[in-house]
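Undergrad: Take the sequences, apply the hints, and build the full model.
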Amino acid sequence: MSTKLNLNASLDRRGFVAALGAAGALALAGCGSSKGGASASDAEAAYTLVEEGKIIVASDLANPPLDYVENNQNKGFEVELMEAVAEKLGLTCEYLPAMKFDAIIPLIKQGGKADVGVSNFTITDERKAEIDFSDPYLDSNQGVVTRADAEKDSADTLNADGVKIACQSGTTGETWAQENLPLATIVSLDDPVQAVTGVSTGLYDAAAADLPVMSYLCSQSFTDCKVAIEVPTGEQYGIVVSKDNPGLTQKINDALAELEADGTIADLQIKWFGAEV
29 MSTKLNLNAS LDRRGFVAAL GAAGALALAG CGSSKGGASA SDAEAAYTLV
79 EEGKIIVASD LANPPLDYVE NNQNKGFEVE LMEAVAEKLG LTCEYLPAMK
129 FDAIIPLIKQ GGKADVGVSN FTITDERKAE IDFSDPYLDS NQGVVTRADA
179 EKDSADTLNA DGVKIACQSG TTGETWAQEN LPLATIVSLD DPVQAVTGVS
229 TGLYDAAAAD LPVMSYLCSQ SFTDCKVAIE VPTGEQYGIV VSKDNPGLTQ
279 KINDALAELE ADGTIADLQI KWFGAEV
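In case it helps, my numbering puts the sequence shown at residues 29 to 305.
There is no bait here: all hints are sound.
Pairs of lysine-lysine residues, derived as DSSO-like cross-links and limited to a Cα-Cα distance of at most 30 angstroms, are as follows:
1) K82 x K156
2) K128 x K82
3) K156 x K128
4) K141 x K116
5) K82 x K103
6) K82 x K271
7) K128 x K299
8) K141 x K103
9) K128 x K103
10) K141 x K271
11) K103 x K156
12) K271 x K128
13) K128 x K141
Just so you know, the hints here were simulated from the structure itself, not pulled from any lab data.
TA: So this is what it looks like as structure tokens:
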């Protein structure tokens with residue numbers, strides 16, 4: 029930040045010194061550092077944190093291999109990504125206990141308990157009306173899972189009376205099913221693991237959710253199921269941040285750009301998805 033001084037020839041030395049002092053005070057007032065630790069020369073990137081030195085994350089922790097809990101430890105692509113983002117910001121990363129997916133955006137919007145929401149949130153205009161998103165960090169599509177031996181395994185056969193489609197509440201998978209399978213009954217659940225479990229046991233005919241999650245579940249935990257339909261929705265995931273904290277969004281974007289440039293994101297994709305996505 030710079031301040032331009034207009035001095036006339038009659039200004040004496042005392043007045044000149046006073047003017048410089050006032051300019052310095054203005055510069056300091058406009059560029060004060062924040063609780064989040066932004067530098068005085070980067071006022072636009074100043075940000076606040078719920079707890080100093082930490083970036084606190086809200087997630088449902090129910091979307092392997094993106095985010096999940098195993099042996100009381102948080103694991104997954106997004107978990108390690110957020111740890112890397114926190115390191116770039118000079119912070120530690122802390123997760124709140126798992127919560128329902130559709131409660132995360134209201135929590136971030138309200139503020140006071142978490143700094144960001146990270147739970148494979150697709151960037152949409154509807155969500156952007158309530159909160160801000162970081163730059164995208166992963167591309168995705170939707171996947172529809174059926175039993176491997178199911179006869180109803182296409183959009184045409186699943187779009188029928190009596191068919192039950194399980195979806196995670198508040199997700200783009202649920203929206204896709206509502207729009208494209210209007211004759212079926214949409215069953216809203218807390219997470220995609222519940223949805224695929226229901227398909228495996230015969231409770232539901234199909235489940236719709238993000239393709240990376242569905243592919244992982246069918247290959248690792250539910251081998252009696254298959255991804256019957258891959259829906260090319262062209263979605264992108266972003267980190268959810270409060271509209272009241274634009275400096276944090278900017279800093280996260282800076283960190284994501286660095287992680288992209290240094291190969292960290294590619295390495296994490298290979299580790300968790302078997303290839304760059």
